[in-house]
Every structure is written in structure tokens, then in C-alpha cells.
Amino acid sequence: MREISLAEAVAELVRDGDSVALEGFTHLIPVAAAHEIIRQRRRDLTLIRMTPDLIYDQLIGMGCARKLVFSWGGNPGVGSLHRFRDAIEHGYPHPLEIEEHSHAGMANRYVAGASGLPFAVLRGYLGTDLAKVTPTIRTVTCPFTGEELAAVPALNPDVAIVHAQQADRRGNVAFWGITGVQKEVVLAAKRALVTVEEIVDEIEPHHGQVVLPSIAVDAVVKAERGAYPSYAHGYYDRDNAFYREWDAISRDRDTFATWMREHVG
Amino acid sequence: MREISLAEAVAELVRDGDSVALEGFTHLIPVAAAHEIIRQRRRDLTLIRMTPDLIYDQLIGMGCARKLVFSWGGNPGVGSLHRFRDAIEHGYPHPLEIEEHSHAGMANRYVAGASGLPFAVLRGYLGTDLAKVTPTIRTVTCPFTGEELAAVPALNPDVAIVHAQQADRRGNVAFWGITGVQKEVVLAAKRALVTVEEIVDEIEPHHGQVVLPSIAVDAVVKAERGAYPSYAHGYYDRDNAFYREWDAISRDRDTFATWMREHVG
Amino acid sequence: MTATTDEIMTVAAARELRDGVLCFVGIGLPSAAANLARATHAPNCTLIYESGTIGAKPTRLPLSIGDGELADTADALVSVPEIFNYWLQAGRVDVGFLGAAQIDRFGNLNTTVVGDYADPKVRLPGAGGAPEIAASAKEVIMVLRHNTRAFVERLSFVTSVVKGPRVVLTDLGVLRPDETGELVLVAVHPNVTVEQAKAATGWDLRVAAEVAVTEPPTEKELSVLRALHAA
Amino acid sequence: MTATTDEIMTVAAARELRDGVLCFVGIGLPSAAANLARATHAPNCTLIYESGTIGAKPTRLPLSIGDGELADTADALVSVPEIFNYWLQAGRVDVGFLGAAQIDRFGNLNTTVVGDYADPKVRLPGAGGAPEIAASAKEVIMVLRHNTRAFVERLSFVTSVVKGPRVVLTDLGVLRPDETGELVLVAVHPNVTVEQAKAATGWDLRVAAEVAVTEPPTEKELSVLRALHAA
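As they're listed, the protein sequences go chains A, B, C and D.
The first sequence begins at 1 in my numbering and counts up by one.
The second sequence begins at 1001 in my numbering and counts up by one.
The third sequence begins at 2001 in my numbering and counts up by one.
The fourth sequence begins at 3001 in my numbering and counts up by one.
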């Protein structure tokens, strides 16, 4: 495995204008990598993520994003994402284009992307206004039953970024606990960066473990506590208090800017 | 978990005329359950399996099957399945209807079945004669790119039967090693029977482990060495010699009948 | 113990959950109600969270749908695509629990925007798992606070269309659909009047011929609920 | 050591595998060739078997595509749907290795029946993974014994249509497609004549202007191959 720093990996893999998916479903959110993207002042990104949360609030608030592809944008268990809302409601710091799906739609878009298919089929969106405002929701007819189902196009981000608990020295990556769509987003993306808590000699089995073989990944970088304030199962807990504090930090534009300058740089 | 014998489970869950999928990809083939079906003299079954091997040779040779849905019918590493060939080539012991797919098609049919979708989409069968002889291969057009892809209907067997290494006392089932399509076939089926090597207090994690929660399964039955002569990773090895011997046993109708009477009953 | 209106609503929601069902749980009030049910009259319910935990048995209420407690106590952990495709879409879920910012008289839900979609007054989180839970669960239980901002004549945006039989639990009472699908007030909580419920509804709320009064939370229900919150 | 014709064929096939590629391996001769390559000039190949093992490093040759040895030595174990969807169909596979009962002059393959489909003379195993390997792998290497039953003017059944660039290794020589896609004899193995190859082909086999002679297996190649078989 190539030795590389997080700064080098982001510099090499994430470019202005890219579509970038940082995934992690509550668990294992790639916070360290998101902060590195902010420090490197990437611009015009199409940010993709099922659950835009604090890191996307930060990326949007710092002006990195041109567009957001998502299915649920909130601070889980707390409330609104104020930078996300400010961008959509008031165009601050600049207007944000959105492409909005349901969780089932987004998950299946990644599955189609990972599978090399142009689209995915699901029972979804029926009767909702989502299909009216999102042009990437269409229908397809079953050639056997004649039933009409929803169709969504594959997602193939330029870059996928995820955080995992472990990699071995050959670059095989292990996640366990809640593993979300991490396997799918990595396999759907053109380039993949994985930050890990720890590099180990041998990956030990764990319940619900997902292993990505090294050939699926372009760079593996050690980033201890790289998912904080989210959590890494077996390493550290979610800092629920910080999620609550973020509400006050992010509510005001200046408070947010000051906090980012002091804590992210 | 309900205490039940294999004979009771098969009597309750497998009925004449049912579509029955016994899966296990080389590893964990549910041999004990197949033999119980033969002993209970089930008839007119639609047998479904990606890789009909010795157990399907036996079920077909003993006259249990009316139809076979499959993608590769051979004795892996050895050669032909002679009872399968005798049924197709000479209609012995009676004619066998076949519905033939590729592995990719069969795997996706189970995925669609497990997902509650009427069909699956894949890049497959292009230019082959399979689409000419198999009416369950059609096409669908991507509503985004206009690309034409293959479509196959969902498989939802009446009964799925698989063999696993362990179940805990609440009926959660654990497979590891090569897990094939076992999760999908169980979730696609109307009823599911799992035989296991061992009932344990607590399922320990293993590399590549798949856990089926108890609610996905109708009956869990202990059947030690229930996959022999295939293997159960961590319990016993594949009896490669028996696979070679089967070639001679199965080649002749009478030798086969005698062997079955003596060894299965 | 005196119950708060939120506690009465949560207890009423928990009571709707029959034992033995497979329940797809959203975070917040639905999670509190489902776990209260599991800890009292419905110990054999299986709880599924969209994060991929099946059969989670949390002893404290998770703050998010992906808390480690859910993974630690689950029978099985699966990916998010599997939860939505193999579990929800496949029709295995008996009961879905949903909240919303807005509801209309037919129980359709809005969690997307207040105001115009392109230029919203309030941008809400969005759909999440709700449209497919609403469509695929055999039965949907909705929980939301009763006021005219939430109970509206016309939704700003239809995020989810609820299909199956359903019940709506509020901090004022209980609503169930009649044969046309329109929600009817069938019960009020203790010390709540029918007039209060009507005044808190943005349309002309239909009222059942006989309006029941909710049994107040028992000591057991309240103490278990508070323990779940405190843990 | 004197090499058998099967050994020469297997060694020739192994040499076609460039180091570092991702190779989807069928059982039998392809598996022997791929593992010989990994043990000699191509140590950084990643082998995928359709049973769901990625990066298997077997020290003995598996009898079937699902042997425990493959799982024990793999970097990752995935389900069969994942192997076909996330790995093969996604276009990650550089090289597919295929055998067949029949091949035509364009490299199309039959593994289904000899004779009529509805009333076959010989019922063969069927498609397995071959149609999608043939279509999705960037390059396909075919290995089969050279005789007029196998090399036929017209296939009884088209099971697989090979798309990418390809090579056919037989026990007599090496065939590669020209610009029209027709297979041309480009090399013969030691002690094999062009006439023998032509006589073993069921169509009028085209022959390259210069027909090379295969380098005989080295001592190293033979001893490693035999050790793989013996282990």
C-alpha cells in the first residue's frame, strides 16, 4: 500500500467541479476528509449524499458546493441544517441547485452505479410530488407483468469518500456495525478514497463486517478519529452533545464562519 | 425456536407440485433435506437451482421433478450429471421440462424475488440463443439512456431450502465462507427451511458471514453433516472422491436405483 | 405521575403496535413509541431501522437512526440498499411509523418544504425513507403534534402518500380514516375537548358519532418511557 | 521433464495473462492456467471466482469453483449476485478465461447442447457464467482441445458471444482473430504441424503468413503446474 497523507490524497483525487459522494449512514461519517476538502478550498462540487448532515452543512456554508443530490437533509435527532437551509432559502453564500430523491431511490441509484447499469427499478415515489420536481425520476414498465414502476438513473460519482475502521497493509478495507451504502458508493465511483481508524496486520472478523478488496480503492489513508463527532463502532462513541451544539453554531452566518476558521482552518 | 425434525419440516413445508429451490454454491449444499424430500416421495416439483448437481441428479433420477429452472447442470470438476442428461435426452424416468438461464440471470431473478420486484435488469444474454429458447428472457429500455438491456422475471419459489453452519436458539441463522445466493433465495421464497450443523448460544463473527434474522425463516432444523458430500466451512471438507464416484454410480439406471435405495431409502 | 401531552401521544402510539409485528421505525417520537411498546405489551415485535439494523433491542432511545446501540443489539446488520429492497419493498413490514411537518385530511404527508418548492419559506429535511414506508408497509401509524400549521387543508408538497389502513396520533387525540379515506376524530386525550381538536385542524375536521376518551398512561407505561429517555 | 499436450496448452494460456490484471476464472484448465500465471510471472493478478471469492490465492488447484481453499485465501468474500453485478457487469474484469464444448470461427462458444435444443444428442451443462463473462470482460482467453467435434463450422447452440479481443489456446496451437474477427492460426506447439491443426478444425482454418512455434514449457513452469495439481 502506497504511503500518502490525507492532504495529498484529497489534492490528487478531488478536483474543482467534481461530483463527490461522502457517505456514512450516521456511523463512520468521513469528517476528516470533508474538512480537508474545505481547507483545500474546492469549488463547484456536486455533493452527493443520502443524508447531508454536519459535514455537508459545513461544505455548503463554506461555498464548496454548486449542487446537492440527496434524500434527507437534517441534523439527526436535533433539527435543521441551517447552512443548508440558508443556501436553499436565501442563496447564501450562493445559490444551491438541488436534486432530491427518497432514500430508497438514492440507495438504488448507487446500486445501479456499482452494477454498471444505467438505471435502477423500484417501487417508489408513487403519487408524490418528488417525481414532478426531480427530472431523474421516471417510470419503466415490467416486460412480464405490465406493471409500471419507478426508474432512477445510476449514480457514478467522480469520487467516493468513506471512513472505515480498519485497513490491512495491502489496502483491503474493513467496515462493521452500520455499513450503510459504503460498499456501493465506492464501487459506483470512478475514484475512491478511504480514511481508516487503524492499519492492521490482519483484519479480524466482526458481526456485519463488509470488506472491500484493495483493488476497489485508490487511496487508503489513516485518519484517527476521522469520523468524529460521528462514531466509529468499536473505537469511539457519537458525540451527541456536539450535534446539539451545532444547531447554535450553524444558525448564525458569522458564528459559523468563526467556528470553521478556528476548528477547520 | 420451535423444536421440529427434518422429516416434520419437509412434510409441513414441501408439497407435491411446489416450486422448490435448494441452493448452496458448491458449499453448504442442503443434501440431507434433499434426501428427505426423496424419502417422502414428493412429485411434480419445479426444481429451481443455479447449479443442479448431485442432489438434483438424485431428485430427477428418483422422479420427483416435473420441471427444472437452472443455469449450469454438471458435476463440478468431474463432468456430466447422468440422471439429468437421461431425463433430458431420453425422457427417463419421465420427461423433464427445462427453463434455462445464465448464472447472472438466475442470481438477478432471486434478487428481484427478494426485493418484491416483478423483474430484474441486467446486461446479459446478448446475441446468444438462450433468449430464443427461454421465454423468460426479454428486454427493457432504459428510460434515461435509451439503451436496451435484458430483463428476467423475479423468482419467488414456494419453498427455499438452504444449509447453514449455525443457528442460535432464537432461530437466527449464520452462514460464512462462500454464501452464494442463500440470503436471496430465502428472502425470495414464500416458505423457508434451513438445516444447520449446530445450534449455538451465541453466533460468533466470521469473515464473510451472512446472518439471516429468525423472522426470515419458517423452520430451522439441526442436520449434522447435512451438506455432505459437499462441505461446511469450518466443519468438514468436500468429499471430492465421492463426486468422482458419483459419475459411475449415476451413469447406469440400475446402479443408481440400487445406490439410492441403499443410501437414501 | 402526571403525563405531558407528548407522553400521552407517545403512549397512545405505542398502544397501536400489536405484539409480534415487524415494525419499520423512524427516529424521534416513533422510536420512543415502538420501544415503549416492546418494553411493555409487545415484547415480540421486531424493530427495523433504515440504517440496516434488524431486530434491534435498544435499552436507551437512540438519538439517531444509526446509533451504535442499535447495531450492538440487532439480530442482523444489513446494508441500506438491503433494508429498502429486501425488507421494506418486499412487503415484509407490517407497520411503518411516520412523523411529518404537514398532514392533510387523507393522511398524505409533507416533509419537504413549506411554501413554494423552488423558493421555499421553510426548507424541511426531505423525504428520507418516508415515501416507500408509506407505500410498502401494510399499515402506517402517524404521530405528530396537532395544530393548524401541521393539519392543513392543502400540503405545500406531497412527500408521501399513505396507502394501507392508518391511524394518526396527536397530542390532542386519535384520528382514523373512514371508508372514503378521510381522517375522522375518534378519540380525544384526557382533558382535551373536541372543539380544541377542531380548532387545531386546518380543515373542517369530521368527528365520530361517539368520541372516546383515551385511557391515561399507566404508571408502568410512564415509568418505562421515562427510563428509556433517561438511559 | 516432458510436457503433455494439456500441459503445453495450460502453460500457453498462463503466459497470456499479464501481471496486475483482474481475472475472472472458470474451473478446470482456466483455473490451472490462472494459478500457474500467479505463481510465476504474474504474482499481482487478482483472481475472481464466480462463487464470490475475490483475490483468492489457492496453493492447490480447487476441484470446484466453490472450494473452501478459495474462501480461506480470499481478500474478500461476496455473494453470487455481487460477483456478477458489482464485479463482472460493472466492467471491472480485465480478463475472462473460458472453456467450451464447441467453438466457431469467430470464437463464439457452445456449452449448452450438441444437436437440437428440444431433443439433444448430448445435453451439456449449460451457460453458467459464460455469456456475461464473454460480454463483460475486456478480454477473453479461451482454452479447449483442438478437434473437429469442438472446432465446428456451425455451433449447435450459441451460448456465449465473445466481444473483446481474444485468443484461443488449444493442445495444438494458438489462434487469434484478424480484423474481421475470424480466428487465424498464429502458432503451433512444438512437434505440431499446421496441417494437423487444419485437419483438427471443422472449417477451412486460416493460417497466418508466419506461423510461430510455441516456446516449450520451462522447467519452472512445469514443476509449478505439477505442484499445483499434486497439492
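It is worth saying that the hints were derived from the structure and are not from the lab.
Be a bit skeptical, because a hint or two may be false.
Under the rule of at most 30 angstroms between Cα atoms (straight-line distance), these lysine-lysine pairs were calculated in the DSBU-like manner [stated by the list, open to error]:
id, chain 1, residue 1, chain 2, residue 2
1, C, Lys2220, A, Lys132
2, A, Lys190, D, Lys3163
3, B, Lys1132, D, Lys3121
4, A, Lys132, A, Lys222
5, C, Lys2121, B, Lys1190
6, B, Lys1067, B, Lys1132
7, C, Lys2138, A, Lys132
8, D, Lys3220, D, Lys3057
9, D, Lys3121, D, Lys3163
10, D, Lys3198, B, Lys1067
11, C, Lys2163, C, Lys2121
12, B, Lys1132, D, Lys3220
13, D, Lys3057, D, Lys3138
14, B, Lys1190, C, Lys2138
15, B, Lys1222, B, Lys1190
16, C, Lys2121, C, Lys2138
17, C, Lys2057, A, Lys132
18, D, Lys3198, D, Lys3057
19, C, Lys2057, C, Lys2220
20, C, Lys2057, C, Lys2163
21, B, Lys1222, B, Lys1132
22, A, Lys190, D, Lys3138
23, A, Lys190, D, Lys3220
24, C, Lys2138, C, Lys2198
25, A, Lys222, A, Lys190
26, B, Lys1132, D, Lys3057
27, D, Lys3057, A, Lys222
28, D, Lys3121, D, Lys3138
29, C, Lys2057, A, Lys67
30, D, Lys3163, D, Lys3198
31, C, Lys2057, B, Lys1222
32, C, Lys2057, B, Lys1190
33, B, Lys1222, B, Lys1067
For each label pair, taking beta carbons as the anchor points, the in silico distance ranges come out as [to be verified]:
id, chain 1, residue 1, chain 2, residue 2, range
34, C, Asp2116, A, Gly79, 49 to 55 angstroms
35, C, Glu2179, B, Arg1169, 24 to 30 angstroms
36, C, Arg2145, B, Gln1040, 39 to 45 angstroms
37, D, Asp3072, B, Gln1040, 49 to 55 angstroms
38, A, Val133, B, Glu1224, 54 to 60 angstroms
Heads up, the beta-carbon is just placed ideally off N, CA and C, and yes, glycines get one too.
Now for the hints, and whether the structure bears them out:
1. At roughly 47 angstroms between alpha-carbon atoms, Lys2220 of chain C and Lys132 of chain A are farther apart than 30 angstroms, so this suggested pair is violated.
2. A hinted pair counts as satisfied when its Cα atoms are at most 30 angstroms apart, and Lys190 of chain A with Lys3163 of chain D qualifies at roughly 23 angstroms.
3. About 19 angstroms separates the Cα atoms of Lys1132 of chain B and Lys3121 of chain D, which keeps this hinted pair within 30 angstroms; it holds.
4. The suggested pairing of Lys132 of chain A with Lys222 of chain A is violated, with an alpha-carbon distance near 43 angstroms, which exceeds 30 angstroms.
5. The straight-line distance between the Cα atoms of Lys2121 of chain C and Lys1190 of chain B is roughly 48 angstroms, outside the 30 angstroms bound, and the hint therefore fails.
6. Distance check on the hinted pair: Lys1067 of chain B and Lys1132 of chain B sit about 19 angstroms apart at the alpha-carbon level, within 30 angstroms; holds.
7. Only pairs whose Cα atoms come within 30 angstroms are accepted, and Lys2138 of chain C paired with Lys132 of chain A is accepted, the gap being roughly 26 angstroms.
8. For a cut-off of 30 angstroms, the pair hint linking Lys3220 of chain D to Lys3057 of chain D stands: about 19 angstroms separates their Cα positions.
9. Only pairs whose Cα atoms come within 30 angstroms are accepted, and Lys3121 of chain D paired with Lys3163 of chain D is accepted, the gap being roughly 29 angstroms.
10. Proposed proximity of Lys3198 of chain D and Lys1067 of chain B is contradicted: the alpha carbons are some 42 angstroms apart, above 30 angstroms.
11. Distance hint between Lys2163 of chain C and Lys2121 of chain C is fulfilled; the C-alpha atoms sit about 29 angstroms from each other, no more than 30 angstroms.
12. Using a Cα cut-off of 30 angstroms, the hinted pair Lys1132 of chain B and Lys3220 of chain D is violated, with the two alpha carbons roughly 47 angstroms apart.
13. The straight-line distance between the Cα atoms of Lys3057 of chain D and Lys3138 of chain D is roughly 22 angstroms, inside the 30 angstroms bound, and the hint therefore holds.
14. With a CA separation close to 17 angstroms, the supplied pair Lys1190 of chain B and Lys2138 of chain C stays within the 30 angstroms bound.
15. Among the hinted pairs, Lys1222 of chain B with Lys1190 of chain B is consistent with the structure: their alpha-carbon atoms are about 21 angstroms apart, no more than 30 angstroms.
16. About 34 angstroms separates the Cα atoms of Lys2121 of chain C and Lys2138 of chain C, which puts this hinted pair outside 30 angstroms; it is violated.
17. For the hint pairing Lys2057 of chain C with Lys132 of chain A, the CA-to-CA distance comes to about 39 angstroms; that exceeds 30 angstroms, so the pair is violated.
18. With a C-alpha separation of about 38 angstroms, the suggested pairing of Lys3198 of chain D with Lys3057 of chain D is violated against the 30 angstroms cut-off.
19. Pair hint Lys2057 of chain C plus Lys2220 of chain C holds up; C-alpha atoms about 19 angstroms apart against a cutoff of 30 angstroms.
20. For the proposed pair Lys2057 of chain C and Lys2163 of chain C, the alpha carbon gap of about 28 angstroms is at most 30 angstroms, so the pair holds.
21. A threshold of 30 angstroms between alpha carbons decides the hint, and for Lys1222 of chain B with Lys1132 of chain B the separation of about 43 angstroms lies outside it, so the pair is violated.
22. Between the alpha carbons of Lys190 of chain A and Lys3138 of chain D the distance comes to roughly 17 angstroms, so the proposed pair stays at or under 30 angstroms and holds.
23. For the given pair, Lys190 of chain A sits about 39 angstroms from Lys3220 of chain D by alpha-carbon distance, which is inconsistent with the 30 angstroms threshold.
24. A distance of roughly 29 angstroms separates the Cα atoms of Lys2138 of chain C and Lys2198 of chain C; the hinted pair therefore holds under the 30 angstroms criterion.
25. Pair hint Lys222 of chain A plus Lys190 of chain A holds up; C-alpha atoms about 21 angstroms apart against a cutoff of 30 angstroms.
26. Proposed proximity of Lys1132 of chain B and Lys3057 of chain D is contradicted: the alpha carbons are some 39 angstroms apart, above 30 angstroms.
27. Proximity of Lys3057 of chain D to Lys222 of chain A is assessed by CA-CA distance (about 27 angstroms); at most 30 angstroms being required, the pair is judged to hold.
28. With a C-alpha separation of about 34 angstroms, the suggested pair Lys3121 of chain D and Lys3138 of chain D falls outside the 30 angstroms cut-off, and the hint is violated.
29. Using a Cα cut-off of 30 angstroms, the hinted pair Lys2057 of chain C and Lys67 of chain A is violated, with the two alpha carbons roughly 38 angstroms apart.
30. As the CA atoms of Lys3163 of chain D and Lys3198 of chain D are separated by approximately 25 angstroms, the hinted pair is consistent with the 30 angstroms bound.
31. Between the alpha carbons of Lys2057 of chain C and Lys1222 of chain B the distance comes to roughly 27 angstroms, so the proposed pair stays at or under 30 angstroms and holds.
32. A distance of roughly 27 angstroms separates the Cα atoms of Lys2057 of chain C and Lys1190 of chain B; the hinted pair therefore holds under the 30 angstroms criterion.
33. Taking the CA atoms of Lys1222 of chain B and Lys1067 of chain B, the gap is near 29 angstroms; set against the 30 angstroms cutoff, the hint holds.
34. Asp2116 of chain C and Gly79 of chain A have their C-beta atoms about 22 angstroms apart, which leaves the hinted 49 to 55 angstroms range violated.
35. Take Glu2179 of chain C and Arg1169 of chain B: their Cβ atoms lie about 46 angstroms apart, and the range 24 to 30 angstroms is violated.
36. Roughly 58 angstroms separates the CB atoms of Arg2145 of chain C and Gln1040 of chain B, a value that falls outside the hinted 39 to 45 angstroms.
37. With their beta carbons about 36 angstroms apart, Asp3072 of chain D and Gln1040 of chain B fall outside the hinted range of 49 to 55 angstroms.
38. Taking 54 to 60 angstroms as the suggested C-beta distance range, the pair Val133 of chain A and Glu1224 of chain B conforms, at roughly 58 angstroms.
The structure does not agree with the numbered hints 1, 4, 5, 10, 12, 16, 17, 18, 21, 23, 26, 28, 29, 34, 35, 36, 37 stated previously, though it agrees with the rest.
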